[in-house]
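Q: Chains P and A supply the protein sequences, listed in that same order. Following my numbering, the numbering of the first sequence begins with 1 at its first residue and continues without gaps. Following my numbering, the numbering of the second sequence begins with 535 at its first residue and continues without gaps.
If you are wondering where the hints come from, they were derived from the structure by calculation, not from laboratory data. If you're wondering where the values come from, they're calculated on a predicted model, not measured in any experiment. All C-beta atoms in this analysis are idealised placements derived from N, C-alpha and C, irrespective of residue type, glycine included. Mixed in with the good hints there might be a few duds.
Unchecked claim - Here are the simulated lysine to aspartate or glutamate pairs, DMTMM-like style, with alpha carbons at most 20 Å apart:
no., chain 1, residue 1, chain 2, residue 2
1, P, K496, A, E587
2, P, K501, P, D171
3, P, K496, A, E641
4, A, K642, A, D708
5, A, K891, A, E901
6, A, K915, A, E890
7, P, K373, P, D171
8, A, K642, A, E734
9, A, K667, A, E692
10, P, K152, P, D171
11, A, K905, A, D918
12, P, K496, A, E890
13, A, K642, P, E488
14, P, K276, A, E880
15, P, K501, P, D78
16, A, K667, A, E729
17, P, K315, P, E333
18, A, K642, P, E490
19, A, K667, P, E490
20, P, K108, P, E68
21, P, K108, P, D215
22, P, K108, P, E129
23, P, K310, A, D708
24, P, K198, P, D90
25, A, K905, A, E888
26, P, K496, A, E592
27, P, K306, A, E850
28, P, K108, P, D78
29, A, K816, A, D848
30, P, K198, P, D250
31, A, K667, P, D266
32, P, K501, A, E587
33, P, K496, P, D438
34, A, K667, P, D215
35, P, K496, P, D470
36, A, K905, A, E880
What the hints assert, rightly or not - Simulated restraints on C-beta separations:
no., chain 1, residue 1, chain 2, residue 2, range
37, A, Q904, P, G474, 48 to 58 Å
38, P, G474, A, A861, 54 to 64 Å
39, P, P481, A, R768, 27 to 37 Å
40, P, Q332, A, T790, 55 to 65 Å
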Amino acid sequence: MPTQEIEYKLQLEENAAGRLVPTVVNGRVQTPYLGVGQYKPAGRKAAPPIRTAADYPENGDKRVPDLETALRCCGLRDGMVISNHHHLRDGDSVALMALQAAARLGVKDLMWFPSASFPSQVGAIELMENGTIHHVEGSMNGPLGDYCTQGKMRGMGVLRSHGGRWQAVQDGEVHIDVAVIAAPTADAFGNADGSHGKSACGSLGFALADSIYADHVVVVTDNLVPFPCVPWQIQGNNVDYVVQVESIGDPAKIVSGTTQITRSPDRLLIAEYVAKFMRAAGIMREGFSFQAGSGGIALAFVDYLKRMMKEAGIKARFVRGGSTKYLVELLQEGLTDYILDGQTFDLDAVKSIASDAHHIATSPFTSYNYHGKGNFASMVDAVVLGATEVDVNFNGNVVTHSDGRLLHGIGGWQNCLAAGCTILAVPSFRDRIPVIVDQVTTLTGPGELIDVVVTERGIAINPRRQDLTDAVKGSGLPIRPIHDIKTEVERICGGKPARPKPGDRPVAIVKWVDGTVLDTIWKVSNSTLANPAL
Amino acid sequence: MMSTASIRPRLQPAEVGNWGPDTRSDLHVRIEPRERDGIEIALESRVEPYYGESILTEARQVLEQLHVQRAYVAIHDEGALPFAISARLEAAVKRAGLGSGYRVLPEKIVVPPASARDRMRRSRLYIPGNEPKYFINAGLRNPDGIILDLEDSVHPHEKDAARLLVRNALRAVDFGTCERMVRINQLPLGLADLEEIVPEFPDLVLLPKTERPEQVMQVADRIEQIKGRHGIDRSIWLMPILESALGIENAYAIATASPDIVAMTIGLEDYTADLGVVKTAKGDETLFARQRLVNAARAAGIQPIDSVYGDVADLEGLRQWGMNSRAMGFEGMGCIHPLQIAVIHEAFAPTATEIEKALKIVAAFDEAQQKSLSVVSLGSKMIDPPVVQRALKLVSRARAMGILQQSGMS
C-alpha cells in the first residue's frame with residue numbers, strides 16, 4: 001500500500017536517542033523521547049466520572065449473572081478501551097472470557113489494554129481477525145507478537161512498562177472504559193484480594209490503576225466470600241459489578257511450583273559474578289536493598305548473595321521482586337526486613353504474602369509511577385535484569401529478537417533502571433548470536449541508566465560509573481571494557497552477525513517510562529522469521 | 535577417518551552430528567554423493583538470518599578443500615560455531631567415502647606456550663569429545679587442565695567424528711591458561727586418534743586403561759614420529775591412567791616407561807569393576823591401589839593424581855575426598871562438572887597453619903644460609919633437610935595457587 005507508506009514516512013521524527021519514531025500513533029499525537037527525566041507534562045491528572053452511592057445497591061450486592069450482562073450494563077460499545085491484567089499469568093481465563101463476551105454482544109473495534117499478554121491468550125488473534133479487537137496496547141509475544149510484527153494488526157502496538165501503563169492512565173493518554181479484573185477472592189461489594197482462594201496469585205497490583213481510573217470496573221471471581229473480603233487490595237468502592245464464575249484460570253499455570261535455579265554452569269558463573277560484584281562494590285552492606293527478577297540467573301544470584309550475606313553477617317532492609325521461594329527464604333532467615341512484592345511467582349511466595357506481615361503487596365504506583373511524587377524504584381540500591389541485546393554504549397533491548405520480532409514485554413524492566421546500580425546479567429552469546437552489539441535492534445533502556453553488564457566472559461562497567469570501577473579495583477573480578485568482550489565473542493562466533501534488514505513500516509512503538517516514544521518496531525516480513533530459542 | 539590410499543572407498547550417503555530442539559551449538563550434516571557434477575547445499579538453521587550466508591560460505595569452502603565436487607548436502611544447524619561446522623562436514627564427507635587424505639583446518643588462534651613438566655595439575659575438567667557445546671566455555675572456571683575426551687564419553691560409532699571435533703577445538707578454541715589435554719582411546723584406536731591430534735600439539739595425552747609399559751612406549755614412539763613429520767618441536771606430556779589390577783601391579787614400570795610421563799592417575803570405576811567390588815564413598819576398597827600409585831609415581835619422580843568424584847551434587851563429599859587425597863600424597867584429581875573445580879582447588883590448597891609453619895621454617899633456612907650455618911634450627915629444634923625441602927615446596931605451591939603473595943602471607 002504505497003499511499004500508506006508515504007503517510008508513515010511523513011510522520012517519522014528522530015528522537016533524542018537518535019531513533020526514528022512516528023509522531024502520530026493510533027490517532028494520538030506523540031512526543032518523541034526527550035532524554036531521561038526531561039519530559040514534564042503539566043495539567044491535572046485524569047479522573048473517573050463522579051458517581052453517586054445512591055445509585056448502587058444499599059446491601060452492597062453488586063452481582064450480575066454473567067460477564068455479558070456486566071459489559072452491557074457498563075455500556076460497552078464500538079471503539080472503547082477494555083483492560084485486563086496479568087496477575088494470573090499464563091493461567092488466566094478472564095481476559096479471553098471478557099473479550100469473547102464483548103464479541104457476543106457484537107461490539108467492534110475495541111482497544112485491548114492488558115497489563116501483559118500471555119501465550120494462552122492467542123485467541124485474541126481471532127478476535128482481531130473478526131473485528132472485535134482493533135488493536136492491542138500491551139506486551140505481545142509468541143504468535144500474538146508475530147501477528148503484530150507481520151503488520152497484520154489494524155492499529156499500532158504500544159509497549160509500555162508497568163510504570164508507564166500507570167502513567168498513561170494517570171495523564172489521560174489512555175482512558176479505560178471498562179476494566180475487567182480477575183480476583184482469586186472477592187465479596188459481592190467488589191472488595192478483592194489475590195492471596196487466597198483456589199486461584200490465589202499473590203498481589204493484584206497491576207489492576208489497581210484500572211480499578212481507580214476506569215469508567216467502569218467489573219470484578220470476576222471464582223471464590224466469592226461474604227462481605228468483607230479481608231484483606232482487600234482492590235476496593236469495592238471503585239467496583240461497579242461482580243461476576244461469579246466457575247474458574248478464573250488454571251492454577252497450575254497461575255503459580256509455578258518452586259522455580260529451579262539454573263543448572264547451566266555458565267549461567268551460574270554469571271550469577272556468581274553478579275553477587276561478587278555487589279559485594280566488591282560495597283553495595284552489599286547493612287540495610288541495603290536489591291531487586292531481582294525470576295529468571296534462572298537472577299534466582300541463582302539471590303542464592304549466591306544470600307550465602308555472602310550470611311558469611312558477612314549482613315541484612316537487607318528490603319528486597320523487591322518478582323517474589324519467589326528464594327526471596328521468601330531471605331525473609332524467613334532474617335536476612336531482610338521486608339519483601340516489597342510487585343508480582344508473586346511461586347507457591348512459596350503466595351503462601352508467604354498471605355501469612356507474613358513483612359511480605360507486602362505493592363503496585364506499579366508505589367514502585368514505578370512517573371507521575372508519582374517519587375517512587376520506590378530509584379530507592380533500590382541495585383537491580384539485576386536480563387536483556388536480549390546490549391550495545392557498546394550500554395543501551396539495552398529487552399523487547400525484540402535481534403531480527404526485530406517481538407519477544408518480551410517491557411514489564412518493570414525500564415522502571416527498574418532507576419536503581420542505584422543497574423546490572424544486566426546476560427550470556428555473552430546465545431546460539432552463536434552475540435548479545436553485545438554495535439547498536440541494539442530496539443532501544444528499550446537508555447545506556448546512561450545501565451551501569452554494569454555481567455557476562456560469563458567478564459564484567460563491563462559503564463564508563464559513566466568511574467565510582468564503581470574504582471570500588472571494585474583489586475577485587476580479582478574479571479572487569480573488562482565492553483568492546484573487549486564484544487570482540488572476543490565475535491571472534492568465537494565467526495564474525496559479526498548479519499543484520500536482518502528492518503521493514504519500512506512501523507507496527508509498534510516502545511514507550512519510555514514518561515510516555516514519550518523511545519523507539520519503533522518495524523514490520524518484519526514472514527520470510528526472515530527465524531526461531532532462536534532463548 | 536584416514537583410509538589407506540590403495541583402497542578406493544565405496545561412496546555412500548552418510549550423516550553425522552545432532553540436531554533438534556534440545557540440541558545446542560551442534561549441527562547435523564547429511565551428504566549424498568552424486569553422479570553429476572555440482573554441489574547442492576540445503577540449509578536450515580536457527581541462526582539463519584544472522585549467519586545463514588556465513589554457514590553456506592564455510593560449507594562450500596570445506597567441500598572444496600576436501601575436493602568434493604558431486605554431492606547433495608543437507609545441513610540442520612543449531613547455532614554451531616565455525617570449528618564444529620567444519621569438523622562435522624569433514625566427518626560426513628569422509629564417512630561418505632569422499633575427501634580421503636585431505637584435512638580442513640579451521641583458523642588457528644594463538645596457542646599458549648607448552649606446559650611445564652611440573653606445572654600444577656590440581657584439577658582437570660573432562661569434556662565429552664563429541665559435544666561441542668561444552669568446549670567453548672570449558673576454560674571459564676580456570677581448571678588447571680581441560681581434557682577433551684575421545685574415550686569413554688564418546689559412542690563407539692562416533693569416534694571418527696569426535697576426533698575431528700577435538701582436533702579443530704585444539705586449533706580454534708581458547709582454553710585460556712588451562713593445560714590442553716586429550717584422552718585418546720585404547721590402542722590400537724588411540725594411535726589413529728594421535729594422527730589427528732598430535733599435529734595440533736595438545737600439552738598432554740592421557741592413556742586410558744594402561745596395563746603395561748609397552749603400551750606407553752608405543753604411544754610415545756608414535757607421537758615422536760608424528761611430531762617429526764610435522765616438524766613439531768614442543769613437549770607433549772603423557773599421563774597414563776591405571777584402571778585395572780594388572781595396571782596397579784605394573785605401576786612403577788609404567789611410570790618409568792617414557793621420559794615424557796609427567797603424571798599418573800587412576801580410574802576407580804574400572805578398577806573396582808576389575809576387582810569385582812563395589813566402589814564406596816569412603817573408598818577403603820581402593821586404598822591399596824591409590825597408595826601404590828602414589829608410591830610408584832613418587833619413586834618415578836612424577837605427579838600422582840587421583841580419580842574423579844562421581845557424585846556431582848555432593849560438593850561436601852568431594853571436598854572431604856579431595857582433602858583426604860591430598861593427605862595421601864596426590865596432587866590433584868579429575869572433574870566431571872565445572873562446579874567441582876573450585877572445591878578441588880580449595881581441598882588441595884595448603885591450610886593456613888601449614889603455610890604459617892612452612893614460612894617459619896623457610897625463614898630459619900634463609901637465616902642459616904645468610905649466616906653460612908650448615909644446620910637449620912627453629913627455636914631449640916633442629917630442622918632436618920627434607921623438612922626444609924617440603925616447606926620450600928609448600929610455600930612455592932601456595933604462591934602458585936595465589937593463596938600467598940609473592941612475599942609473606944596474603
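Q: Work down the list of hints and note, for each, if the structure agrees.
A: Hint check results:
1. P:K496 / A:E587: Between P:K496 and A:E587 the Cα gap is close to 12 Å, so the pair holds against 20 Å.
2. P:K501 / P:D171: At roughly 36 Å apart (the allowed maximum being 20 Å), P:D171 and P:K501 break the hint.
3. P:K496 / A:E641: holds (16 Å)
4. A:K642 / A:D708: This hinted pair holds, its Cα atoms lying about 10 Å apart.
5. A:K891 / A:E901: holds (15 Å)
6. A:K915 / A:E890: Cα-Cα ~17 Å, so holds.
7. P:K373 / P:D171: With Cα atoms ~14 Å apart, P:K373 and P:D171 stay inside 20 Å; holds.
8. A:K642 / A:E734: At roughly 10 Å apart (the allowed maximum being 20 Å), A:E734 and A:K642 satisfy the hint.
9. A:K667 / A:E692: holds (16 Å)
10. P:K152 / P:D171: Between P:K152 and P:D171 the Cα gap is close to 29 Å, so the pair fails against 20 Å, i.e. violated.
11. A:K905 / A:D918: holds (17 Å)
12. P:K496 / A:E890: Roughly 52 Å between the alpha carbons, so the hint for P:K496 and A:E890 is violated.
13. A:K642 / P:E488: Given that 20 Å is the threshold and the Cα spacing comes to 14 Å, the pair holds.
14. P:K276 / A:E880: The hint holds at about 18 Å.
15. P:K501 / P:D78: With a Cα-Cα distance of about 37 Å, the restraint between P:K501 and P:D78 is violated, given a limit of 20 Å.
16. A:K667 / A:E729: violated (24 Å)
17. P:K315 / P:E333: Roughly 10 Å separates the two Cα atoms, so the pair holds.
18. A:K642 / P:E490: holds (15 Å)
19. A:K667 / P:E490: holds (17 Å)
20. P:K108 / P:E68: holds (15 Å)
21. P:K108 / P:D215: OK: P:K108 and P:D215 at ~19 Å, within 20 Å.
22. P:K108 / P:E129: Cα-Cα ~11 Å, so holds.
23. P:K310 / A:D708: violated (36 Å)
24. P:K198 / P:D90: Since the Cα atoms of P:K198 and P:D90 sit roughly 16 Å apart, the hinted pair holds (cutoff 20 Å).
25. A:K905 / A:E888: violated (26 Å)
26. P:K496 / A:E592: At roughly 15 Å apart (the allowed maximum being 20 Å), A:E592 and P:K496 satisfy the hint.
27. P:K306 / A:E850: holds (19 Å)
28. P:K108 / P:D78: holds (5 Å)
29. A:K816 / A:D848: holds (13 Å)
30. P:K198 / P:D250: holds (10 Å)
31. A:K667 / P:D266: Roughly 11 Å separates the two Cα atoms, so the pair holds.
32. P:K501 / A:E587: Holds. P:K501 to A:E587 sits at ~14 Å (cutoff 20 Å).
33. P:K496 / P:D438: This hinted pair holds, its Cα atoms lying about 10 Å apart.
34. A:K667 / P:D215: violated (55 Å)
35. P:K496 / P:D470: violated (32 Å)
36. A:K905 / A:E880: violated (37 Å)
37. A:Q904 / P:G474: 48 to 58 Å: Since the Cβ atoms of A:Q904 and P:G474 sit about 33 Å apart, the hinted range of 48 to 58 Å is violated.
38. P:G474 / A:A861: 54 to 64 Å: violated (34 Å)
39. P:P481 / A:R768: 27 to 37 Å: At roughly 33 Å between Cβ atoms, A:R768 and P:P481 fall inside 27 to 37 Å, so the hint holds.
40. P:Q332 / A:T790: 55 to 65 Å: Because 60 Å falls inside the window, the suggested range holds.
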